[in-house]
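Undergrad: Protein chains in written order, with my numbering: chain A, 1 to 371; chain B, 1 to 291; chain C, 1 to 276.
Heads up, a few of these hints could be off.
[Claimed, not checked] Stretches of chain C that chain B covers, calculated by requiring three or more beta carbons in the stretch to come under 8 Å of a beta carbon on chain B: (1) 13-24; (2) 244-258.
[Stated by the list, open to error] Covered stretches of chain B, going by a simulated chain A footprint (3 or more residues, C-beta under 8 Å): (3) 183-190; (4) 202-216.
By construction, these hints were calculated from the structure, which means they are not laboratory data.
Remember, predicted model here, so these are calculated numbers, not experimental data.
Glycine residues also receive a C-beta, built at the ideal position from the N, C-alpha and C atoms.
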Amino acid sequence: MVSVTIKDLTKQYGTCVAVKDLNLEIKDGEFFVFLGPSGCGKSTTLLCIAGLVKPDKGEVWLGNELVTSPERDIYMTPQKREVAMVFQDYALYPHMTVFKNVAFPLEVRGEDKGEIMERVKATAELLGISQLLDRKPGQLSGGQRQRVALARAMVRKPKVFLLDEPLANLDAKLRVKTRIELKKLQQKLGVTTIYVTHDQVEAMTMADRIMVQKDGVTEQIGTPDELYNHPSNLFVAGFIGSPEMNFIDCTLIEEGNRLWLDAKEFKIPVPAKIVPELKSYIGEDLTMGIRPEDLYERESVKGITQKNALRMTADIIEPVGPYLLLHLSKGRCPLVARVKETTARIGQEVDIEMDLSKIHMFDKKTTEAII
Amino acid sequence: MFTKDRLITSLFLLLSLVLVGHFVYFCIGWNVFVSLSDWKGLAPSYNIVGFDQYLRLFHDPVFLTSLKNNLILILLFVPGTLFLGLFLAILLDLKVRGEGVFRGIYLLPFALSFVVTATLWAWMYNLKIGVINTLLGKTGLEFLKSGWITDPNIALYCVVLALIWQFAGYTMLIFLAGIRSIPESQIRAAEVDGASGFNLYRRVVIPQLKAPALSAFVVLMVFALKAFDFIFVLTDGGPGYRTYVLALMMFRWTFSKNEFAYGAAIATILFLLALVIVVPYLYLSFRREKE
Amino acid sequence: MKPLRIFGYCILILFFFYELFPFYWMFNTAFKTRAELRLSPHVTFFPHNPTIENFVVVLRRQVTAFVTPPIMNSIIISLVSTLITLILSVPASYSLARFKIKRSDNISFWILSQRMMPPIALAIPYFIMIGALNLLDTQLALILVYTAFNLPFAVWMLKAYWADFPWVLEEAALTDGCNRLQSFFNVILPLSWGSIATVTFFTFIFSWYEFLFALILTRSRATTITISLASSILETGVEWGWISALSVICTIPTILLSIFLYKRIISGLTLGAIKG
């Protein structure tokens with residue numbers, strides 16, 4: 001098991017920048033997730049670590065070993081790096097049986113036959129695919145193929161696991177199940193794991209730490225908790241969490257010795273706790289963010305100290321199993337609230353409370369978080 | 001409405017089937033029928049004499065030579081073209097600059113008529129003024145000069161060389177398309193798994209080229225059996241009977257010597273040989289498609 | 001660059017010249033004067049006085065030495081047989097691809113197997129048949145034979161293309177109020193022109209290049225260009241300039257069409273060969 005360090009990594013395809021100046025340190029044994037919308041360079045970074053793509057500049061370190069550095073003309077081929085990879089389409093060899101597929105990484109390294117047999121069997125046992133060893137990939141279901149791909153990656157006990165959207169081709173139910181199994185497996189083996197996904201739920205549930213990427217640029221690196229509660233900019237705030245965080249464009253004004261967020265349709269008092277941070281933004285355009293679960297219907301509010309009531313119209317009531325989503329609007333300002341139950345009727349007005357201790361503030365121009 | 005459309009278009013299908021049925025299957029039967037007769041000379045005779053023509057064939061040295069030449073053609077031309085095509089396809093797969101140009105030029109001979117290519121090779125192989133001998137003379141390799149297609153010892157090999165030239169691009173194309181149909185992630189997986197260069201091709205790529213190899217194999221085999229135009233123009237079977245093949249013999253015996261029944265017997269043999277190659281292949285590929 | 005890579009390039013370039021040389025030699029010879037061709041053994045790699053004299057002579061010979069110029073015969077026979085093939089094969093393959101016809105797989109099987117048969121097995125019956133119809137040495141004889149020979153291939157190829165056609169579009173057009181013929185001309189045909197062009201190319205080239213049947217079924221009036229090329233070797237013997245010029249003429253239609261349809265021809269050549 002090793003750490004993975006990336007310094008100033010940049011890769012361009014023609015005029016399209018896949019990764020730009022990426023700096024990253026992944027700790028030994030960590031479950032690290034690259035999260036971002038599709039086609040934003042997450043996979044490119046992964047391929048650079050695997051050695052399948054040569055970056056334009058920057059360094060990749062596996063433990064204490066520098067494996068890629070165009071500047072110093074260092075490039076270790078993927079065959080020599082002790083990393084294993086699982087691909088989105090699993091990339092199983094269709095002409096080989098499951099046994100041969102799993103044994104392949106050992107066979108090309110010229111391992112001893114008995115040893116291969118033993119390890120393939122042990123790995124198959126671990127993943128519950130022992131009864132499939134004689135079949136060919138074409139005869140397997142999606143979930144089974146995924147396991148075979150995992151087995152092939154695990155069998156040679158790599159130092160780093162690279163997983164490129166390994167659950168994307170599974171159906172929803174299986175995905176949830178596999179997610180948990182994968183996490184358990186990683187904890188058991190303790191292998192440094194880098195996992196690429198565009199699904200924020202996957203990232204939040206599995207990762208020790210997450211890097212959010214967009215257009216090849218790192219937006220934020222942090223634990224799931226940090227990303228959720230302290231997003232460092234508008235993109236991360238909007239990308240993490242479902243339903244999405246509500247954003248309200250407003251101007252910071254001073255009136256009667258108090259600071260207010262003026263959103264045209266309504267005015268919100270700035271809680272005393274964050275006044276110091278906001279002071280320098282008086283007169284500027286800001287974006288306020290509030291998560292749907294931090295909005296309440298007046299009747300149900302208990303024990304919230306700093307609050308502010310808004311009278312809004314209920315447009316749609318969306319039942320989502322354990323809770324309801326209230327789609328509200330006032331003038332041209334829409335909000336979504338997540339509530340347990342509601343007395344609201346469609347088209348009628350309802351009073352909404354905002355938990356002001358949970359608001360996020362962003363500079364509208366730079367999109368960076370202020371608090 | 002629906003059924004009327006269906007009826008009309010099906011009529012076209014039926015017409016096509018009738019045309020094909022008549023011009024192909026009925027005519028093949030007719031040919032077999034002629035081969036069982038004693039028709040010799042210009043006036044048709046359908047006096048059935050059984051397998052006399054076939055018995056005669058197996059004592060005819062020209063037939064045996066032609067059959068042998070067809071087999072040599074199959075043994076040299078088919079594997080030669082397959083391996084050269086595979087080799088070129090793999091080389092082109094190595095992210096070569098100007099791949100499109102190479103591919104286009106390799107494929108060029110396949111776009112030419114056999115009559116044209118045979119003419120070209122006849123001109124290049126020419127003993128006195130052919131470019132090959134002139135170049136050999138100029139570069140001091142005088143001793144290699146040869147009559148090529150007029151030299152009894154090497155004539156057949158010269159034909160094979162020219163045929164490989166014409167078909168190598170085609171097999172290259174088939175193999176390259178096969179290689180390219182393997183998902184890139186599989187190649188990447190193999191690289192991460194530790195396979196590189198030779199191993200990657202031997203263990204991951206080439207085993208997956210069975211389907212294109214088989215289809216190219218059948219096309220080449222069938223061509224080697226039915227080869228006619230090219231040899232007719234390039235050597236006309238000469239020198240002697242050194243490059244005679246079954247199709248050429250059939251043509252000469254039928255249309256020059258008017259031995260219709262005898263020619264039909266040769267044609268039937270050719271047809272049966274092609275059948276042996278083609279039917280299992282088509283049967284396999286259609287059954288696979290159904291699955 | 002690694003030495004192995006350089007070695008790879010060397011081989012590729014070597015075969016590049018092997019595959020290109022005869023073709024280049026054809027052009028080189030076609031544009032040389034008679035005098036230059038007689039300079040042997042001093043071959044020249046470019047015509048010193050490029051001339052189209054060979055082409056003029058060859059084209060004049062086409063008119064004077066034959067009843068009808070073989071080029072004309074070839075053009076007429078190829079065009080007409082291609083046209084008939086299309087008229088028959090488009091609806092036939094449509095019906096095969098579109099309507100659930102029982103045993104349609106078997107039909108394609110019988111259709112395709114024909115392409116693999118040695119044409120020589122059909123030589124005698126065709127000769128007898130065309131003779132009986134009193135069509136020997138006529139354009140009609142070759143048109144008939146080529147159409148019958150191209151038809152199965154065209155049906156198979158079009159059916160293969162149409163297997164992947166988004167037929168919901170036709171259903172949409174039918175729902176929108178077109179009848180089947182209208183939907184065919186307004187929706188299906190515009191989206192299939194590429195496939196049809198490819199089929200047209202292959203059938204045209206087959207007829208243009210065909211040799212065996214032309215040899216058997218024609219004498220002088222309906223002789224085609226390939227026959228005139230082959231016979232010019234026998235007749236003129238050593239006039240390689242003329243022969244090369246005629247070769248160039250014979251090749252040009254293919255090359256031009258190939259350039260326009262390059263990608264489609266490539267996919268047409270590999271059709272059915274890749275899937276396992």
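Undergrad: With reference to the structure, classify each hint as holding or not holding.
TA: Checked hints:
no., hint, in the structure
1, 13-24, "holds (count 7)"
2, 244-258, "holds (count 7)"
3, 183-190, "holds (count 6)"
4, 202-216, "holds (count 5)"
In this structure, none of the earlier numbered hints is contradicted; all agree with it.
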